[in-house]
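**Student:** Below are the chains, spelled out letter by letter.
There are 2 protein chains.
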Amino acid sequence: MAQLEAQDLAQAVIDRMTDCKEPRFKEVMTALIRHAHAFVREVQLTPDEWMTAIQFLTATGKMCDEKRQEFILLSDTLGISMLVVAIEQAKGAAALKDRPEIRGATEATVQGPFFWPGAPQLELGADIGEGNAGEPAYYHGRVTDTAGKPVADCVLDVWSGDGEGFYDMQKGPDAGMALRAQFRTDHDGNYRFWSIRPSYYPVPADGPVGKMLHRMGRHPNRPGHMHTMLQAPGHERLITHLFVSDSPYLDSDAVFGVRNSLIVDFEKHAPGKAPDGRSMNKPFYTATYDFKLVPSAA
Amino acid sequence: MAQLEAQDLAQAVIDRMTDCKEPRFKEVMTALIRHAHAFVREVQLTPDEWMTAIQFLTATGKMCDEKRQEFILLSDTLGISMLVVAIEQAKGAAALKDRPEIRGATEATVQGPFFWPGAPQLELGADIGEGNAGEPAYYHGRVTDTAGKPVADCVLDVWSGDGEGFYDMQKGPDAGMALRAQFRTDHDGNYRFWSIRPSYYPVPADGPVGKMLHRMGRHPNRPGHMHTMLQAPGHERLITHLFVSDSPYLDSDAVFGVRNSLIVDFEKHAPGKAPDGRSMNKPFYTATYDFKLVPSAA
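Chain order of the listed sequences is A and B.
First residue of the first sequence: 2, per my numbering; consecutive thereafter.
First residue of the second sequence: 2, per my numbering; consecutive thereafter.
Source of the hints: derived by calculation from the structure; they are not laboratory data.
A few of these clues could be false.
The list cannot tell twin chains apart, which means a pair is met if one copy fits it or any two copies do.
[Unchecked claim] Straight-line C-alpha distance at most 30 Å; calculated BS3-like pairs for lysine-lysine:
(1) LYS274 <-> LYS27
(2) LYS63 <-> LYS22
(3) LYS92 <-> LYS63
(4) LYS172 <-> LYS63
(5) LYS150 <-> LYS212
(6) LYS22 <-> LYS212
(7) LYS98 <-> LYS212
(8) LYS27 <-> LYS212
A quick note: this is a predicted structure, and the numbers were derived from the prediction, not measured.
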């Protein structure tokens, strides 16, 4: 009959995994148990604080539905999501010695909780901003691999909030998709579409994570950005953002997602002819960005 | 524009708490962020593994309702709940130098997920086992403080699964309370009641935590035990179990809750007269245990 004291408990839990058949799962759980116990011992967590944590996690789970992922938001706001992205990137950097051809790849950042699979597949040049709050912006550029070879037929998912900072998913249970689409690059790797110039916005702050941020003394805002996901056969998938260079909060993104190389100047234009020949009767912006994808390892 | 690398991210998150107004909350969150990031970096968690974790936490939250607390079960099976109890006890031990009068207090253990507030208040000697699967057992003893002074009017909550290992809360949405009650000690600190001799049982294994245990290569079983919670003015609340001494799994309790001092011999008796004068026409057990409560600090 084991009488376990505080400092022995973590090892006792780990020792129960003798029959675990999955080495990687065992490795992850071992580290998780060790760190979780070390955390609880270090702060001498009290029963009341423990119950607060249980209630927080439960409320966070209850907040999740098809259109709201409060655990991703928790991970994002604690910097965990960006840490996972950064570790993945660091692996790429570590591979550079063996794969010098991947140098210069576009940096990744967090996916965030607002990706909604199945966005409409539209023709290049289509306008997904029309009818939404915000100033029109024309996005264009090219997708190549790191050697500069065009990536034709690359599937480019784009999504963003509107000019006031709200995503379609936040507009009630009956709101349909808006400000999101799937494009395909042309034979020369080019893409182009119209949307709006995204505004900074607060991450959803009406749930448990919002309360946590408030107690931490933090603002919930993210700088304005356009989400992108690029997928093409023979290349690593890339999930990233284009950040609006004059947006507030670039220095204090609530989810720690800013990468310098992803900051893009949105050039303002008077009404008139846009680069694609469209005639604009109000001011508009243009944003140019070339993506560089990593070829899949052989 | 901060370009944060993996090893700097934890500090960047912590630095955002400059305006936090609650020192203890800040201390706990600082340690949590540091340990969570260290864990992710140590195992080099991949995006797919991270998503598995998000889905696990979400499913765990979705599993919770009024009668099922999957996050407590997660905490229990990872040894965290018992760790919090052990830390609280260690604080008591640390106080022994200043408070020698609390030596010999009954040890605490986990509350578990099956406490259901508002159990019927019954007279001493009542039988809460009648009509439930299991062999009858008579529980009796005395509640005193650590100096041996009787604690009259102590509120004693008791709850357990049945002789087959099932709690009332597990018997469907319409099942009412069973095998739980609230008693009060008499003027001399005595308590007595009838219930059943609790069986070992698996913790609920049909949810995310059950799947985790399976992947860890662990059994989900707990040795048979009667839950108790004792509350009396002027004394610290005590939450503990009485473990059945010949139950299997005393050495491998799925929630790490066994304390040697809480193991009780359930003495078997042939049909006949019970200690309270009741005439039994089938075999029955008796379990004797005296609880010693810690007087509240002045």
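**Student:** Hint by hint, say whether it matches the structure.
**Tutor:** Right, here's what the structure says about each hint:
1. In this homomeric assembly, LYS274 and LYS27 never come within 30 Å of each other (Cα to Cα): the closest approach is 61 Å inside a single copy and 54 Å across copies.
2. Taking the shortest Cα distances, LYS63 and LYS22 sit within 30 Å of each other only across copies (27 Å), while inside one copy they are farther apart (32 Å).
3. In this assembly of identical chains, the alpha carbons of LYS92 and LYS63 never lie at most 30 Å apart, being 35 Å within a copy and 34 Å across copies at closest.
4. With identical chains, the CA atoms of LYS172 and LYS63 are at most 30 Å apart both within one copy (19 Å) and between copies (23 Å).
5. In this homomeric assembly, LYS150 and LYS212 never come within 30 Å of each other (Cα to Cα): the closest approach is 47 Å inside a single copy and 46 Å across copies.
6. With identical chains, the CA atoms of LYS22 and LYS212 are at most 30 Å apart between copies only, with a shortest distance of 13 Å across copies and 40 Å within one.
7. In this assembly of identical chains, LYS98 and LYS212 lie within 30 Å of each other by CA distance neither inside one copy nor across copies; the values are 45 Å within and 40 Å between.
8. Proximity of LYS27 to LYS212 under the C-alpha cut-off of 30 Å is restricted to the inter-copy arrangement: shortest distance 14 Å between copies versus 34 Å within a copy.
Against the hints set out earlier in the document, violations occur for numbers 1, 3, 5, 7.
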